[in-house]
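So the chains spell out like this:
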Amino acid sequence: AQELLNKTNEKCFVKCVPKPSTSLSNSEQTCLSRCLDRYMEAFNIVSRTYISRIS
Amino acid sequence: AQELLNKTNEKCFVKCVPKPSTSLSNSEQTCLSRCLDRYMEAFNIVSRTYISRIS
Amino acid sequence: AQELLNKTNEKCFVKCVPKPSTSLSNSEQTCLSRCLDRYMEAFNIVSRTYISRIS
Amino acid sequence: QAQARVHSSIHQFTSMCWDKCITGTPSTSFSRNEVNCISNCVERFLDTSLFMVKKIEEQRQQLNS
Amino acid sequence: QAQARVHSSIHQFTSMCWDKCITGTPSTSFSRNEVNCISNCVERFLDTSLFMVKKIEEQRQQLNS
Amino acid sequence: QAQARVHSSIHQFTSMCWDKCITGTPSTSFSRNEVNCISNCVERFLDTSLFMVKKIEEQRQQLNS
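Which chain is which? The protein sequence lines are A, B, C, D, E and F, in order. No gaps in the numbering here: position 7 of the first sequence is 7 in this note's numbering, and each next residue is one more. No gaps in the numbering here: position 24 of the second sequence is 24 in this note's numbering, and each next residue is one more. No gaps in the numbering here: position 9 of the third sequence is 9 in this note's numbering, and each next residue is one more. No gaps in the numbering here: position 20 of the fourth sequence is 20 in this note's numbering, and each next residue is one more. No gaps in the numbering here: position 39 of the fifth sequence is 39 in this note's numbering, and each next residue is one more. No gaps in the numbering here: position 45 of the sixth sequence is 45 in this note's numbering, and each next residue is one more.
No wet-lab data here; the hints were simulated from the structure. There may be inaccurate statements among the hints.
[Unchecked claim] Below 30 Å or equal to it, Euclidean Cα-Cα: the simulated DSS-like pairs (lysine-lysine) are:
hint	chain 1	residue 1	chain 2	residue 2
1	F	Lys54	D	Lys55
2	B	Lys19	A	Lys7
3	F	Lys20	F	Lys54
4	C	Lys19	F	Lys20
5	F	Lys20	D	Lys20
Could you put together the complete structure from these sequences and hints?
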């Protein structure tokens with residue numbers, strides 16, 4: 001789970017915080033929160049698709 | 001050889017299948033086939049150049 | 001220190017030598033030299049900021 | 001160990017297909033297109049791996065004949 | 001081992017924040033903007049990591065209640 | 001072990017010089033330009049590594065004098 005969290009942090013920081021300032025703005029936090037949910041969802045879609053293919 | 005194949009798959013998939021659909025089209029297969037040959041050729045050019053330099 | 005040097009070489013080569021020719025030009029060497037100093041400086045800023053945050 | 005390899009592939013595919021398929025700002029849910037793109041991305045990458053192995057086999061047999 | 005993890009994080013942040021903040025040709029010194037960007041980049045990445053853990057905790061508690 | 005390092009460098013250079021030199025769709029053969037670019041890319045990267053070590057040495061000597 002640590003590896004998934006590290007990757008999510010990296011991908012979402014790159015996407016949601018293009019110009020880092022002195023704090024995380026509200027819109028950056030909204031973006032990060034959605035990005036976290038979507039990256040987990042992408043991970044689930046990939047897992048299902050891959051597992052069903054190699055089963 | 002496994003490492004070379006993994007890298008080739010990654011590079012060629014990124015280049016030749018920009019929008020993955022329900023199957024590999026003919027033009028995607030042509031691109032993948034050429035990309036495989038070119039990546040192997042690039043690997044050989046790099047090997048020759050590097051080996052001759054450090055010899 | 002080896003890891004820092006490898007990363008610096010990679011980042012600065014990508015930035016300063018966009019079209020590799022038969023030798024490193026003077027302007028490429030100037031760029032590499034500045035890039036080396038700046039990457040080390042960035043490493044120091046990151047270290048200071050991170051260490052002071054986790055201390 | 002086989003399980004570790006499957007796990008590591010899932011991480012690699014998620015990262016690769018995220019970059020290919022999710023180009024805008026993340027929304028409250030995926031569009032149908034995004035879901036299909038991620039799933040097709042995994043399937044076509046696996047097709048690509050098989051295709052490449054087949055091509056290499058063909059070339060090896062031509063060399064030996 | 002904790003020290004190795006700190007070291008590896010510093011390398012990762014330097015690479016990531018260099019790509020985010022240094023977009024032009026390197027000059028004889030950083031501009032004020034570039035220094036601030038690198039330092040903010042580290043701070044906001046650490047904020048992001050904490051924010052994500054908090055969100056995951058919140059979701060876990062909602063599932064359990 | 002030295003051989004493993006050479007192998008790993010060849011993989012790294014192939015990946016890096018492919019991204020630098022092969023920007024279009026792969027063709028049935030490399031152009032003269034592409035071959036030269038790949039070969040120059042390896043040579044200039046090795047030059048860059050030597051150049052950087054020399055610069056670091058110069059700075060160390062200036063500090064010590």
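*Checking against the hints above, which ones are violated?*
Number 1 only.
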